[in-house]
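All chains, full assembly: derive it from the sequences and hints.
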Amino acid sequence: MPDPKLSPYDYRTLAAFRFSLRGFLSFSEAAARAVGLTPRQHQALLGIKAASDGDTTSMSQLADFLILRHNSTVGLIDRLEAARLVARMPDPDDRRRVLVRLTAAGERCLADLSAVHFAELERIRSELQSLLDRMTPHG
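Each residue of the sequence shown is one higher than the one before, starting from 1 at the first, in this note's numbering.
Label-pair distances were calculated between CB atoms; the ranges are:
{"#": "1", "residue 1": "Ala87", "residue 2": "Val116", "range": "22 to 28 Å"}
{"#": "2", "residue 1": "Ser126", "residue 2": "Ser7", "range": "20 to 26 Å"}
{"#": "3", "residue 1": "Asp112", "residue 2": "Asp55", "range": "15 to 21 Å"}
{"#": "4", "residue 1": "Arg125", "residue 2": "Ala51", "range": "21 to 27 Å"}
{"#": "5", "residue 1": "Glu81", "residue 2": "Asp112", "range": "15 to 21 Å"}
{"#": "6", "residue 1": "Glu81", "residue 2": "Leu21", "range": "30 to 36 Å"}
{"#": "7", "residue 1": "Glu81", "residue 2": "Leu121", "range": "27 to 33 Å"}
{"#": "8", "residue 1": "Pro90", "residue 2": "Ser126", "range": "45 to 51 Å"}
{"#": "9", "residue 1": "Ser126", "residue 2": "His70", "range": "38 to 44 Å"}
{"#": "10", "residue 1": "Ala51", "residue 2": "Asn71", "range": "15 to 21 Å"}
What the hints contain is simulated information worked out from the structure, not anything from laboratory work. This structure is a prediction, so every number in the text was calculated from the model and none was measured. Think of the CB as a built atom: it goes at the ideal place given N, C-alpha and C, for glycine as much as any other residue.
What follows is the structure in structure tokens.
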């Protein structure tokens, strides 16, 4: 393992950066819970929207995005479908695959959550940028 010769300043910068990331993750989890979602359900809605080929994504693509096993993803989608935030449909090109899309309610929920996330990122932008700028390359 290479010895990057990190300085005390580097360690303080890295610790501050990780603290900021944990703060954002804590904010994100609280925002999801405030609208009745688990953090993983929020991440699934975001993954469906971000990974979509048009309006849908496959269960396997979503599992990859979420870094989950297929059966865990199925359970997650079961709960989101029961909440009427997503809908499943067979893939017209491959009957073995199931596609998932956001419903209108899912779109609204994700849009609202994304808006508060972008507002929080804007609030902490200068802090994060300052920490990134303080990091020096080590090789």
